[in-house]
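Engineer: Given next are the chains, with one letter for each unit.
There are 2 protein chains.
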Amino acid sequence: MRIAIDVMGGDQDSAEIIAAGLRFASEFEQVQIRFVGRQESIQPHLSALNLASIANIDVLYADQVVEMSDRPSLALRQKKRSSMHLAIKQVASNESDACVSSGNTGALMAIGRHLLRMIPGVDRPAIIKAIPSTKGRCYLLDLGANIGCDAENLVQFAAMGSILCQSIEGIAAPKVGLLNVGEEEIKGEAEVRIAADLLKEHDKINFIGFVEGDGIYQSEADVIVCDGWVGNVALKTSEGLAKFVSQMIAEAFGENILTKAQGLVAYPVLEKLNQQLRPDNYNGAILLGLNGIVVKSHGRSTIDGFYQAICEAHKAIKQQLPDVMKESIEDVLGSDL
Amino acid sequence: MRIAIDVMGGDQDSAEIIAAGLRFASEFEQVQIRFVGRQESIQPHLSALNLASIANIDVLYADQVVEMSDRPSLALRQKKRSSMHLAIKQVASNESDACVSSGNTGALMAIGRHLLRMIPGVDRPAIIKAIPSTKGRCYLLDLGANIGCDAENLVQFAAMGSILCQSIEGIAAPKVGLLNVGEEEIKGEAEVRIAADLLKEHDKINFIGFVEGDGIYQSEADVIVCDGWVGNVALKTSEGLAKFVSQMIAEAFGENILTKAQGLVAYPVLEKLNQQLRPDNYNGAILLGLNGIVVKSHGRSTIDGFYQAICEAHKAIKQQLPDVMKESIEDVLGSDL
Numbered sequence: 104m105r106i107a108i109d110v111m112g113g114d115q116d117s118a119e120i121i122a123a124g125l126r127f128a129s130e131f132e133q134v135q136i137r138f139v140g141r142q143e144s145i146q147p148h149l150s151a152l153n154l155a156s157i158a159n160i161d162v163l164y165a166d167q168v169v170e171m172s173d174r175p176s177l178a179l180r181q182k183k184r185s186s187m188h189l190a191i192k193q194v195a196s197n198e199s200d201a202c203v204s205s206g207n208t209g210a211l212m213a214i215g216r217h218l219l220r221m222i223p224g225v226d227r228p229a230i231i232k233a234i235p236s237t238k239g240r241c242y243l244l245d246l247g248a249n250i251g252c253d254a255e256n257l258v259q260f261a262a263m264g265s266i267l268c269q270s271i272e273g274i275a276a277p278k279v280g281l282l283n284v285g286e287e288e289i290k291g292e293a294e295v296r297i298a299a300d301l302l303k304e305h306d307k308i309n310f311i312g313f314v315e316g317d318g319i320y321q322s323e324a325d326v327i328v329c330d331g332w333v334g335n336v337a338l339k340t341s342e343g344l345a346k347f348v349s350q351m352i353a354e355a356f357g358e359n360i361l362t363k364a365q366g367l368v369a370y371p372v373l374e375k376l377n378q379q380l381r382p383d384n385y386n387g388a389i390l391l392g393l394n395g396i397v398v399k400s401h402g403r404s405t406i407d408g409f410y411q412a413i414c415e416a417h418k419a420i421k422q423q424l425p426d427v428m429k430e431s432i433e434d435v436l437g438s439d440l
Numbered sequence: 104m105r106i107a108i109d110v111m112g113g114d115q116d117s118a119e120i121i122a123a124g125l126r127f128a129s130e131f132e133q134v135q136i137r138f139v140g141r142q143e144s145i146q147p148h149l150s151a152l153n154l155a156s157i158a159n160i161d162v163l164y165a166d167q168v169v170e171m172s173d174r175p176s177l178a179l180r181q182k183k184r185s186s187m188h189l190a191i192k193q194v195a196s197n198e199s200d201a202c203v204s205s206g207n208t209g210a211l212m213a214i215g216r217h218l219l220r221m222i223p224g225v226d227r228p229a230i231i232k233a234i235p236s237t238k239g240r241c242y243l244l245d246l247g248a249n250i251g252c253d254a255e256n257l258v259q260f261a262a263m264g265s266i267l268c269q270s271i272e273g274i275a276a277p278k279v280g281l282l283n284v285g286e287e288e289i290k291g292e293a294e295v296r297i298a299a300d301l302l303k304e305h306d307k308i309n310f311i312g313f314v315e316g317d318g319i320y321q322s323e324a325d326v327i328v329c330d331g332w333v334g335n336v337a338l339k340t341s342e343g344l345a346k347f348v349s350q351m352i353a354e355a356f357g358e359n360i361l362t363k364a365q366g367l368v369a370y371p372v373l374e375k376l377n378q379q380l381r382p383d384n385y386n387g388a389i390l391l392g393l394n395g396i397v398v399k400s401h402g403r404s405t406i407d408g409f410y411q412a413i414c415e416a417h418k419a420i421k422q423q424l425p426d427v428m429k430e431s432i433e434d435v436l437g438s439d440l
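So the sequence lines, in the order shown, correspond to chains P and G. Quick note, the numbering used here runs 103 ahead of the 1-based positions in the first sequence. Quick note, the numbering used here runs 103 ahead of the 1-based positions in the second sequence.
Derived from the structure by calculation, the hints contain no laboratory data. Some hints could be false.
Which copy? The list can't say, so a pair holds if one copy fits it or any two copies do.
List time: in silico DMTMM-like cross-link candidates among lysine to aspartate or glutamate, alpha-carbon distance up to 25 Å [stated by the list, open to error]: (1) Lys238 x Glu354; (2) Lys278 x Glu304; (3) Lys232 x Asp407.
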């Protein structure tokens, strides 16, 4: 197994991305880690290592960088020597089995579509991630790859989410819900309503109807489908609230000597809670629908967070994700293809 | 001061709404509470009381009910004898100073616009609510009144949110942000980008640019503006996560004797945290932009929650909200009117 890592992406320091890659490489010796990026961003961090003696690490230099502010179309056309482009190309040319980047999401999607192409039957990639919920995990998609989805896109996302959940969680008929502003059928945005009508006709998708924002954490569905605009807001809002809760806990227990003592006693339990809430522990979202594995890391994740994103890529390789998706999507969407 | 309460709305039991109203009436003797609803939904809950001796409670019977599944246009045209219609009419005819309902949001907005009319310069009402954040409170709007806002609507929401925040929090130039999927200017949905360009031109609105979902809780702005579709998802997702965190805390401390003991010690602090997170404590959203005070309560709030919504109506009356809004909006939006 070989994973290409774009070390230039995001608002993140390359040093942290490389540290995460080195940790992964030392723990999974059978996985080849290839760092892709500017020489001056990689070399200083590897100079202390004797690379000749570490069999599962190598580098690929790139002299361009896709900036967070680059338009996707510009990144695609004018940055063919960028670390992002080269990392994805590794997957397209079968030199790597997956790539991980914390760079510009729009560019990642545009370059991914161009180099890897879409799985037949899927028009657009969707970003999917498992989120903790009362009874386990809930797969939410799209998390920001697409702004302005039509009903057909949403149906394809539902099919892909269902197949992924089936494959990873082993749930025979995952419950699939559509994110909406109300549970009654008349509410919601026009395309979401049309998608609901279409999903009811699909006997291979276990569509349970509309789910409101609070349903994400209450295990109302195994897969929740929405436009990338709404999904991104839901995800980021959750991250913000989780961070806020952690701050409130720290503050509440830091107020005075008594609460400090209480905090000390309760520390192990609170620490476990903090771990459960930490966005880093759920970092690494898959660009589903591409003919290859591309994992998007949060642009502001820590070493732990980026490590988690590499683990997601590793899991997707083991599950042969694009092959499973290709085989199942025709079966699920049927005559729509 | 007089507040009309629609006791029929929402998925809620009328008994809870009436209990909340009775509690408020007993605490604020100078405020007149008028229950509006079906006789059979009100009378049983008041029969134990000697109404003649309670000067600040009375009733107004309505023989129709706006259902959660009613289309707003139908509710407006065919349910003129509904509790919702009569409660809002109380405000229009100046028989009440505000009304509170937990019913169908779309219908509340449609009937509100029809009976109360809009403040000059504002095309659509927006639902606004203060949400807890690291440094105080953040006003988020729209929370679900409008699906599909154009740039002009968003600018009007920004102006109204800024005026409300100024009036309630006493902040001279509240920081106003636009909710978006990325902080870079090129990202986001088309109307949000246009709204950003328009807001930059307004010297009476302290526009700070785009804010992502996590910024809501991190005090990046005092007022955050978005489409009702996105705002509703952000709010409901937060409510779901807050509930999930409370469940996790209870579970973590309930695991074994040791953690139970730790939980007991930490209980007062955790209870305070739970109170801070409880959506009920932030219940009661104002339909901003109407020429009168209409407060929307969450359809599934408890007695405490509905009580909180009545308190919001009470606050808005004391602040003479519609008058302040009318006076300030022209000044803020200036030549746009």
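Engineer: If a hint holds in the structure, say so; if it doesn't, say that too.
Structural biologist: Here's how the hints hold up against the structure:
no.	hint	verdict
1	Lys238 x Glu354	between (29 Å within a copy, 12 Å between copies)
2	Lys278 x Glu304	within (15 Å within a copy, 47 Å between copies)
3	Lys232 x Asp407	within (17 Å within a copy, 36 Å between copies)
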